[in-house]
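Engineer: The lines below spell out each chain.
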Amino acid sequence: MPAVNGEPARIALVDDDPSIRRGVSRMLELSGLSVTTYPSAEALLDADPTAFDCLVLDIHLPGMSGPECYGGLQARGAAPPVIFITAHDATETQELLQRVSPAPCLRKPFRRQQLLQAIHDQLQVASSSVHQ
Amino acid sequence: MPSRSRVLVRLRWSCARAVVLALVLLAIGVWPASAAADEQVVLLLLPVPPGRPMFDTLVHGILNELQSPGAPPFDVRVETLNDLLGDEAQQLRQERYLRARYQGRRLGAIVALLHPAYADVRTRLGVPESVPLVFLTYGTVLPPIPNSTRLIAAEPEVGTYLFMRELRPGAHRVALLAGGSRVDRRANRNTLEQLRQHLPPDRVLDLTGLPIDRLRARARALKADTWVLLGNVFADEDGRALTPAGLLAAVGPLQAPVIVPYDLGLGPQVLGGLVYEVTQVGQRVGAVVRRVAAGESADRLPPLPLPRRALLNVPELARFEIPEGRVPAGARLLYRPPSLWETYRRWIVLGSALMGVQTALIAGLLAERRRRRDSQRQLAERLRLQAVVSTVSTRLAHLSEDRVDGLVASSLALIGDAFGAEACAIWTWTGAEQPHLLGDWTTPGRATTGTTLVDAARVRTLRPRLEHGEDVLVTDPASAAVVDGLPLSVDGRVIGVLTLQRRHDTPWTRQQLVDLRTTGEIVATAVVRVRTTVSVREQLHTLGQVERVAGLGTLAASLAHELNQPLAAILSNAEVAQHLLADPSPPLDELRAIIADVIADDERAGAIIRNVRTMLRAHQASADCVDVGTVMRDVVRLAAHDVRLRGGLIEPRVAHGLPRVRIDATRLTQVLLNLLGNAVDASVAAGRPVRMTMHARPAGTGVLLEVLDDGPGIAAEVLPRLFTPFVTTKRDGLGIGLSISRTIVETAGGRISADNRPEGGAAFRVWLPHATPMPTSGDERHDTAHR
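Protein chains in written order, with the numbering used here: chain A, 1 to 132; chain B, 1001 to 1787.
One thing to keep in mind: the hints can contain errors.
[Stated by the list, open to error] Computed Cβ-Cβ distance ranges for the label pairs, DEER-style:
1) SER1753/B / ASP121/A: 53 to 59 Å
2) ALA1596/B / GLN114/A: 23 to 29 Å
3) ASP121/A / ASP1583/B: 26 to 32 Å
4) GLN114/A / THR1701/B: 53 to 59 Å
5) ARG107/A / ARG1757/B: 38 to 44 Å
6) GLN114/A / ARG1697/B: 25 to 31 Å
[Claimed, not checked] Far from chain B, by Cβ distances over 12 Å, these chain A residues were calculated:
7) ASP46
8) GLN98
9) PRO102
10) PRO109
To be clear, the hints were calculated from the coordinates, so they are not data collected in a lab. Predicted, not measured: the structure shown is a model, and the values here were computed from it. C-beta atoms are modelled at their ideal positions from N, C-alpha and C, and glycine is treated no differently.
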């Protein structure tokens, strides 16, 4: 179970699709994670993104896209680890992602294990970087 | 009786006057001596002054003979001597005048009546004895006169009476008719005496010397048994000159037959007679004169009896019941009542001519009437056929594919009926395929023979000839039927044949053929047009299909996204549920919520798939009542992701309470997607995000959909041809999207247009009419059944 300092890891899920928000949050919560959902990047930014251990961002969002949002956070030096999700497989999407940051990207639909593994990996990377 | 001295004085005065006259004549150049020397002077001495018909005619005869062409010229002088109507003094004056004129002259001849008064005429006029005398005698007997000759007209009056008496023995009396003057009485005395030698004196009536009234009374009292013999007529009782005809006219119609001695007396009231023809008498006298004047001895010429001739008046013969058979040969019949032909010749000729003209006119009128009737009939026929042509052409003007067969059949019925055919049919062919029977018609109630006589095999055989534009005639001796095949050409290409079966083989007139062909070609053209339209529509439909598939290709990313979303949600939820079910007492409420979400997402994905299937399905368009707003939102949702991906922004603005429109939803979707796609392409071309707006609002009697963008707009040169197929500005575009959109919109009764917005960018507008209630109840039932 991914945890951070014994506490359930705090995950922010941003997706404009309410079905996705409900399904994915159930999935993460079943694994003992603490999940907060936002329908848009703007909504996430309005909250405190630094309060989360990991961000799960949809790439294509109405308004600001996921990568744009994350790029802004990185620029502020307050970027938690991120996992992008997308329902798209177009090359434009890949290009958009590479422009912003090389980050793991899961293509919808994805298995629970894939997402948990990705979150775990990201948390590991984050903690190791903290230890270093 | 004048005294001697007075005579002498008168004579002296006369001599003086004669000299003066001679001088005057000399002065004015008419002196007889001035006549050409070689001209012989012939003196005609008449007992009357000129103007008496008898003597004038005689003179005319003499002159006629003497002045005949080629004869030596004579100077013929007519003088009056011993004027019977004048008194002695006058006679004396005449004699003196003539003596003064001719004394001593060597004349060619002197012509005179044999009468004692003329016997010594040479002496009296002082003319030498060498001048020959030619006498004309009427039976007068005189001793021989030296150097003279005679022409004898023997007893003319008695002669004619004796001749006529033989013709009509019943008439036993004769009345001699003459004027009322003393001269008349005296001149006819001799005749009376002669008559009395042939008849008892009481049967000879003397009607000479009577006043005209008494003469008329007595003459009219005469019965048919009395001959009225016209004697020598000189004057009436008052001395006024009278001609025989004048006397007869004065007496008026008589019951008795009138006979005459000279032809001059003949007339309508005169029976006729054995007559001397006075002109001929003159001519004979002239001939004798010519001989004696030429030097022949007059004495040696024997007396010449003059011929006479019976001239008879036919109507008078009839009146006095004298059969023509009794008339001796040689008699000349006068006044024969002309035959009908003679009498009315002019009228008959005129009548015949008129009848001819009339006949010609009638014939002409009949011909004209027939011609006019013919042309009227032809005109009526023509108009009737024209009406057929126009009816057929009107019927087929708005032919739709589903009504082709019915209208072809009814047109053929019209044609067959109008042209008196038993059966008719239209066959068409394309390329090498078998001829196809477009439609046929047979007279109702008649056994069908038309299509059996001309079948597909026959048409195939005839096809080469027909394609040469040749009319063909098929006869079937067995059924005595004749089938005409008229090639039908459309746009100069023979595409089929119109066959007409008849019982008779009267050839069609040129006009009928033209009308027939025209009608057949109208039908064929209409069918070809409909087929072409159908074919074009089918091709367009296919193209539309292609375009939709192509359109979906461009939307593939968007579709994948739209499908992946629910799939992702379902997978998540399913895994959660699976995990929860591993628990011996699973949280059922949670599971129920999860399953509800799964179902919803699944339905969502299914809807998308259905949409795609709808898009791809090559289905027959069904014009349903659709809500434009719903279609528009669906389209935006379908395209939004793609639009967004390609840097665009789209916002639908749908007014509330929009009326529904009647259009196939899929097709409307296609139109809107196409318009959006164009806008997105424009956005890509512009290299910057393009903001798109989709409006839907009521406009007039329909709904106006607008797709606006703020891109670069439409190039001015493309704008007019924007909706033409295969016009495109895109590098890889087919250029059929907008033309298909136009077809879809117009099929639904709407309009589509495009222009550039004043503030920049393009504007596409689609107007669609309100859905009205379905026209037929059948369709309504159909509609209801689907609900």
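Engineer: Taking the hints in turn, state whether each one holds.
Structural biologist: Each hint tested on the structure:
1. SER1753/B / ASP121/A: 53 to 59 Å: holds, 57 Å
2. ALA1596/B / GLN114/A: 23 to 29 Å: At roughly 25 Å between Cβ atoms, GLN114/A and ALA1596/B fall inside 23 to 29 Å, so the hint holds.
3. ASP121/A / ASP1583/B: 26 to 32 Å: holds, 28 Å
4. GLN114/A / THR1701/B: 53 to 59 Å: holds, 57 Å
5. ARG107/A / ARG1757/B: 38 to 44 Å: Given range 38 to 44 Å: holds, Cβ gap about 40 Å.
6. GLN114/A / ARG1697/B: 25 to 31 Å: violated, 47 Å
7. ASP46: Answer for ASP46/A: holds, closest chain B Cβ roughly 22 Å.
8. GLN98: holds, 16 Å
9. PRO102: holds, 21 Å
10. PRO109: Answer for PRO109/A: violated, closest chain B Cβ roughly 4 Å.
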